[in-house]
Amino acid sequence: MTEIPISFEIVKRQPGTLGRAGVIHTPHGDIETPAFVVVGTKGTVKSLKPEDMKSYVGNQVALANTYHLFLQPGDDVVKEAGGLAKFSNWDMPTITDSGGFQVFS
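So for the sequence shown, this note's numbering puts the first residue at 1275; every next one is plus one.
Any given hint could be a false lead.
With a straight-line cut-off of 20 Å between C-alpha atoms, the simulated DMTMM-like cross-links for lysine to aspartate or glutamate are [claimed, not checked]:
#, residue 1, residue 2
1, 1316, 1306
2, 1328, 1365
3, 1360, 1350
Think of the hints as simulated: they come from the structure by calculation, not from any bench.
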């Protein structure tokens, strides 16, 4: 398995507390924290185009659910599109949730 270089940098601390702000550095872009993460369960966010997520929402990262993607549209469709980034038309960092809880719900 190829190792992907990801690092976290603390850029500011809140004196007297554990509060902090930082930056997660990824090969696909930086994510300033704390961050609002848009959830696109099936790889897309309903009613928002990828460019709107950046300009209107200021989103830096998207989250997709692997289990839901497996059910619909199917892993073969995502693979044929060239992977999740191309399928979603999202060129910034993406994180996925395994969907383990949804398997039993």
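Proposed proximity, residue 1365 with residue 1328 (alpha carbon, max 20 Å): Answer holds: residue 1328 to residue 1365 is near 10 Å, not above 20 Å.
Hinted pair residue 1360 and residue 1350, Cα distance within 20 Å: holds, 13 Å
Taking 20 Å as the top limit, are the C-alpha atoms of residue 1316 and residue 1306 close enough? Distance of about 24 Å is beyond 20 Å: violated.
Checked against the numbered hints above, the structure violates only hint 1.
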